[in-house]
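Peer 1: Residue-level listing of the chains:
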Amino acid sequence: MRKLVADKVAAIQPSGIRKFFDIVSEMDDVISLGVGEPDFDTPWHIRDEGIYSLEKGRTYYTSNAGLLELRQEISKYVQNKYKVSYDPKSEILVTVGGSEAIDLSMRAMLEPGDEVLIPQPSFVAYEPCAVMADGVAKFIDLKAENEFRLTADDLRAAITDRTKILVMPFPNNPTGSIMPRKELEEIAQVVIENDLIVVSDEIYAELTYYDEPHVSIASLPGMKERTLLLNGFSKTFAMTGWRLGYACGPAELIKQMTKLHQFGIMSAPTTSQYAAIEALRNGESAVQEMREAYNGRRRYLMHAFREMGLECFEPFGAFYVFPSIKEFGLTSEEFAERLLREEHVAVIPGSAFGKCGEGYIRISYAYSLENLKLAMSHLQNFIEKLRREKHS
Amino acid sequence: MRKQILSYLEKNSKMDSKEIAILLGTEPDVVENEIRKMEEEKIICGYHTMIDWDKTSSEMVTALIEVRVTPQRGQGFDSIAERIYKYPEVRSVYLISGGYDLMVILEGKTLKEVSQFVTDKLSTLDSVLSTATHFILKKYKDHGTIFDQKIKDERMLVTP
Numbered sequence: 001m002r003k004l005v006a007d008k009v010a011a012i013q014p015s016g017i018r019k020f021f022d023i024v025s026e027m028d029d030v031i032s033l034g035v036g037e038p039d040f041d042t043p044w045h046i047r048d049e050g051i052y053s054l055e056k057g058r059t060y061y062t063s064n065a066g067l068l069e070l071r072q073e074i075s076k077y078v079q080n081k082y083k084v085s086y087d088p089k090s091e092i093l094v095t096v097g098g099s100e101a102i103d104l105s106m107r108a109m110l111e112p113g114d115e116v117l118i119p120q121p122s123f124v125a126y127e128p129c130a131v132m133a134d135g136v137a138k139f140i141d142l143k144a145e146n147e148f149r150l151t152a153d154d155l156r157a158a159i160t161d162r163t164k165i166l167v168m169p170f171p172n173n174p175t176g177s178i179m180p181r182k183e184l185e186e187i188a189q190v191v192i193e194n195d196l197i198v199v200s201d202e203i204y205a206e207l208t209y210y211d212e213p214h215v216s217i218a219s220l221p222g223m224k225e226r227t228l229l230l231n232g233f234s235k236t237f238a239m240t241g242w243r244l245g246y247a248c249g250p251a252e253l254i255k256q257m258t259k260l261h262q263f264g265i266m267s268a269p270t271t272s273q274y275a276a277i278e279a280l281r282n283g284e285s286a287v288q289e290m291r292e293a294y295n296g297r298r299r300y301l302m303h304a305f306r307e308m309g310l311e312c313f314e315p316f317g318a319f320y321v322f323p324s325i326k327e328f329g330l331t332s333e334e335f336a337e338r339l340l341r342e343e344h345v346a347v348i349p350g351s352a353f354g355k356c357g358e359g360y361i362r363i364s365y366a367y368s369l370e371n372l373k374l375a376m377s378h379l380q381n382f383i384e385k386l387r388r389e390k391h392s
Numbered sequence: 393m394r395k396q397i398l399s400y401l402e403k404n405s406k407m408d409s410k411e412i413a414i415l416l417g418t419e420p421d422v423v424e425n426e427i428r429k430m431e432e433e434k435i436i437c438g439y440h441t442m443i444d445w446d447k448t449s450s451e452m453v454t455a456l457i458e459v460r461v462t463p464q465r466g467q468g469f470d471s472i473a474e475r476i477y478k479y480p481e482v483r484s485v486y487l488i489s490g491g492y493d494l495m496v497i498l499e500g501k502t503l504k505e506v507s508q509f510v511t512d513k514l515s516t517l518d519s520v521l522s523t524a525t526h527f528i529l530k531k532y533k534d535h536g537t538i539f540d541q542k543i544k545d546e547r548m549l550v551t552p
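Residue numbers (this note's numbering), protein chains in the order written: chain X, 1 to 392; chain U, 393 to 552.
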């Protein structure tokens, strides 16, 4: 019989998280810290708009690029928050989550053999999307001593004459690292000097806990025309299941991405689009409240790590912390698996987010404080046990 | 700072100042100090417990009473409100805009006890023109807390 599956696809490694999921799902009463989505329900006024749109019978396709009304709101929101202006008619595409936008961006831009620079540890989708678009994924190892920020030197060292795209995954999943303005300006300079295009995945932009609000690389001088800005509703408005994201960028690129989106997807879910309009118009106070709750939990975890003597840089974004487990002499997979089996606490091994995540674990604080406290007492038992083992 | 302290305490008055300090990234002394000052200024007026009495064996009846009154010269509604809120069985008294003047929330052990209070004490007050009593049949949500809410995490256990 003919081979069913293409080699290119079969060669893609399944996500390390998937493997871990299989172990977790066999167990009962797991205290999970492994989730990459908000614990809040979508704010009621947003859900209500979705329901209302269904009641009104808005159950049809929208235009391929998304409801114009939504694109207009996105345009206003992005202008207001990140100081970049995009034309709703030609420079914005509404996608099925940020993930679709990542995929489309690679497919729309890459020629076979073009190189995509992916700073790691980072979200698991960039590499497979680049590879499926016939690109070549090249990794830049982010370092704990730089608080997992991308430095201009590390970027320069990774550029070749085939480099086309730089992925900027900040605020970062899994490290929680952010790129403040100064560091971002240094990156922008290298990008311009080397004529690169930036795919800036800013899905966590509204979840930062730093002195200054999130800065988008697209807002820096000379960057708008060479940046594709990706964002979405999942993390900011706790809307993961609605599957809605967007891409903003040069009209020429958005046009081609819209074409791919048209053939692959048609249009993003209509109900979600109506709900998203409400989110952008009236969601700010709910976001503020969620951000404050995350920030309290983040501080609590940092405090708990200090008390247990667990090394961790202070992250200022997303809802993850990324402590080092190097002192225990286990790989992050071994650590995570033993923590799960012995203390029933699920965390994600750092290595699931790239080789250089080895020696770290990702802990999500998209959980109630009570849940985090319980998990931290188990984690403390576990690391005390590991320390005893080591010394006996 | 004050607003954040209040928002934690409003949800959980048992939270101690050490814990609040961790969550706000400050020192316990600072939080303690602010709380003490807010107690003195009567911004914080008490620390109560939310109880779903329906789940206990004690009988408890709550009524909302709309009261129309004649305001008194020089004192408006204040003195009549005071006469009403001094009764210990009165839980809350609000001055309301619209069709009536005072909203009185009353708790008693039985329907009879509540009706007796209304007929004997409340409606006989000089400035009270009329009352309308509504008994509460079921409390779904009170002080932002949903009673009987089952909190179950329906997310998958691990996701990227």
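The hints are simulated quantities; they were obtained by calculation from the structure and are not laboratory data.
For glycine and all other residues, C-beta sits at the position ideal for the given N, C-alpha and C.
Hints should not be assumed to be uniformly reliable.
[Unchecked claim] Between beta-carbon pairs, the in silico distance windows are:
| id | chain 1 | residue 1 | chain 2 | residue 2 | range |
| --- | --- | --- | --- | --- | --- |
| 1 | U | 486 | X | 19 | 52 to 60 Å |
| 2 | X | 390 | U | 538 | 46 to 54 Å |
| 3 | X | 378 | U | 489 | 49 to 57 Å |
| 4 | U | 437 | X | 326 | 29 to 37 Å |
| 5 | X | 29 | U | 402 | 25 to 33 Å |
| 6 | X | 76 | U | 517 | 53 to 61 Å |
| 7 | U | 486 | X | 59 | 41 to 49 Å |
| 8 | U | 437 | X | 264 | 57 to 65 Å |
| 9 | X | 266 | U | 424 | 57 to 65 Å |
| 10 | X | 251 | U | 444 | 20 to 28 Å |
[To be verified] If you only want the chain X side, here are some residues facing chain U, beta carbon under 8 Å, derived:
| id | residue |
| --- | --- |
| 11 | 47 |
| 12 | 263 |
| 13 | 267 |
Peer 1: I'd like to know which numbered hints this structure contradicts. Please list them from smallest to largest.
Peer 2: 4, 10, 11, 12, 13
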